[in-house]
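Chains as they are written, first to last, in the UniProt record's numbering: chain P, 1 to 152; chain Z, 1 to 511.
These are computed hints drawn from the structure, not numbers from a lab. Treat the hints with care, as some may be off.
[To be verified] Derived pair list, reagent style DSS-like, types lysine-lysine, alpha-carbon separation capped at 27 Å:
{"#": "1", "chain 1": "Z", "residue 1": "K246", "chain 2": "Z", "residue 2": "K210"}
{"#": "2", "chain 1": "P", "residue 1": "K9", "chain 2": "Z", "residue 2": "K166"}
{"#": "3", "chain 1": "Z", "residue 1": "K107", "chain 2": "P", "residue 2": "K13"}
{"#": "4", "chain 1": "Z", "residue 1": "K210", "chain 2": "Z", "residue 2": "K78"}
{"#": "5", "chain 1": "Z", "residue 1": "K107", "chain 2": "P", "residue 2": "K5"}
{"#": "6", "chain 1": "Z", "residue 1": "K166", "chain 2": "P", "residue 2": "K5"}
{"#": "7", "chain 1": "P", "residue 1": "K26", "chain 2": "P", "residue 2": "K54"}
{"#": "8", "chain 1": "P", "residue 1": "K13", "chain 2": "Z", "residue 2": "K267"}
{"#": "9", "chain 1": "P", "residue 1": "K9", "chain 2": "Z", "residue 2": "K107"}
{"#": "10", "chain 1": "P", "residue 1": "K5", "chain 2": "Z", "residue 2": "K134"}
{"#": "11", "chain 1": "P", "residue 1": "K5", "chain 2": "Z", "residue 2": "K246"}
{"#": "12", "chain 1": "Z", "residue 1": "K107", "chain 2": "Z", "residue 2": "K78"}
{"#": "13", "chain 1": "P", "residue 1": "K54", "chain 2": "P", "residue 2": "K13"}
{"#": "14", "chain 1": "P", "residue 1": "K54", "chain 2": "P", "residue 2": "K123"}
{"#": "15", "chain 1": "P", "residue 1": "K9", "chain 2": "P", "residue 2": "K26"}
[What the hints assert, rightly or not] So the derived list for chain Z, only partly shown, Cβ under 7 Å to chain P, looks like this:
{"#": "16", "residue": "L96"}
{"#": "17", "residue": "L99"}
{"#": "18", "residue": "H102"}
{"#": "19", "residue": "H124"}
{"#": "20", "residue": "T138"}
{"#": "21", "residue": "F205"}
{"#": "22", "residue": "G416"}
[Stated by the list, open to error] Away from chain Z, derived, C-beta distances all over 10 Å, residues of chain P:
{"#": "23", "residue": "G17"}
{"#": "24", "residue": "L34"}
{"#": "25", "residue": "N43"}
{"#": "26", "residue": "L92"}
{"#": "27", "residue": "S101"}
Just so we're clear, the structure is a prediction, and the values are computed from it rather than from any experiment. Just so you know, even glycine gets a beta-carbon here, dropped at the ideal spot from N, CA and C.
Below are the chains, spelled out letter by letter.
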Amino acid sequence: MFATKRLGKELSKMQSGLPNGIELIKADDFKEWLLDIRVVDANPIYQGEVYRIKFMFSPNYPIEAPEVVFVQDESHPIPYHPHIYSNGIICLDLLDRTGWSPVHNVESVCISLQSMLTGNTKKERPPGDENFVRSNTQRPRDINFVFHDPHV
Amino acid sequence: MSSPSPIPPPNDRRSSRASSNASQPGPGSSSNATSSLDVASEPSDLLVVGGPPSSPSPLALRASNSPSSKRRKSRVEKIPPDLHLLEYVSPCDSNLVCLICHAPFGKPVRLVCDHYFCRDCLDHAWEAQQDGHKTCPTCRNRVDVDREPLSVPRILENMLDELVVKCPNSRLGCEWSDQRANVQDHVMLYCEYTLVECGSYDCRFPVSQKDFHKGCLHYTVNCEHCHTSLMRRDLEEHQTTACPNKSTSCPHCATEVLRVELKAHIKDVCARAIVPCPGAIVGCTFVAERTEVWLHERSCPMATMAPHFREQQTRLERNEAKLEPLARRVVILEDGLSNITNMLYPANDNASSFPVTNPLDPNNADAFPPAPLVPTPDFRLPPASLHDSLREEVSRIATALTEVEGRASMMIINDGQRFKDELLHTNANINNMRVQLHWLMSTTLQQRTANSASNSTSGRAGSGATASTSAPSGSTTQGAARNRSGAAGPGVTGHSPFRRLSDSTRQDTKL
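Produce the complete structure using the sequences and hints provided.
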């Protein structure tokens, strides 16, 4: 109920306008939304690419953080970033239990991801990406990340 | 106001604005109200709207006639409006919006860091945090739970109170909308759509406050027009808005028609309904009231042509509909045909679309087609293997036969060689004997010609004596000797056999 009302308000606000480079693709229900983001500034790593993000909301949203991952298809790759695994899972304290705050919303998360990509200079995957991608069966919200990089 | 509280006597409506800040009526006033109401309603439990002048106003009666009886007191529950669920008439200033629920603050509170939240939202957010580690959701400042949250400035509360909201019962039909400060009084006292418990003793359905005086409406009735069974409560609404057999007036021409026929009336009959020109299907854009369209129709060439076009269209559609099953049948039949062909000529049909494996073809590695549509391979497999084994058998027999034939002819050749050798040998022997005989004969002839001249008389006696002994010994070579004598010495045919025989005996003794 709480989540539905709040997401309804967010949705109507997003439908009336979103920042440059963020686009709402699908929000048919209050469980799963799809958004597209692209890096607006001229960063050669992400030039001309559009990334698709999937939000999954629990009934306790916004008290609980949404699960946010990049999804891959023919036209939407997973961006190269030292904190984004090649299966789309994002290591960002904002999306973790400890870092999440109910004042964040879908739009602010998208802006954070956008700026995280904009400020990146290394075209690489996180260390141990292959192992993680092969062995990980957990959902993003059940993974305990260790946040070590204060520069993002 | 969570517990059922008696309703205060109806004040002037305007005064409720003032009392709204203290939404819970004071204990003193409420007890007063109860007692006065009890006195007023004691004479009769009948619900009479607009009773004697001494009784409270009808409004108050309606609002409070249930608590008047003791049994009701505990059962009437009006739920106070939840400020979070209110619908606001106009979008409000973003500064008055809680960042957690994204709605105008319900009961706003302030933190030391000067961030504002609804009390409820802040509690929700803090529930998820550990004790002693409560932080501000916005800036993550550590919060001292004992001192915070703080109260908010009066001006903020006033601004919130002035926001215009709709009645929470607007979905049930209430059209009230006013400043938020009044909503509590409206819902709890005046709103006719607030649900209260039914006045009947054993009925637990809620009823709108405005219908309370009608008594219990929660029994099933049949609509006398359409015979639908429904609750008495919903009957009036049904008859005014839904019942198909109730007459209603056409919204365009004000003719009275049955509701069930209203659609057909508007679609085909109503003179004032806005309809397009019948030529619209071929491109006429004229749209007007039906009477005008009738006038337009006479001059519109497209409207004249429209029926023909429509007829052609339906004919086309009909044909297409017919074509489709036919095409499907053709496909099925073609499939069947190719299956039959594959069944009949499995060996030389590898190129056909139907995947058939030739079991006799050693180059074909996979024995079965991936997914045969019909079980032709299964059906053909046993005879094919039989055929195969028979063929093998025949070829084996053929090779055995050739072998035997070769051996037999070899034997015959060997034997023939031996016989030929023997024959040659014999011939050589015979030749040898002939040469000897020839030589003996010529010697004998020479002797005889020499002797015949010297003793022609005495020779007769001597030859006669030897003839008796020499005759049996020369009988074996008689034929041969005779032949030789015939071929080699035609000159001696005139001689008598006795003389010759005696000559040969003499030759033997000489050797």
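Name the hints, by number, that the structure is in violation of.
Those not satisfied are hints 8, 11, 16, 21, 22 and 27.
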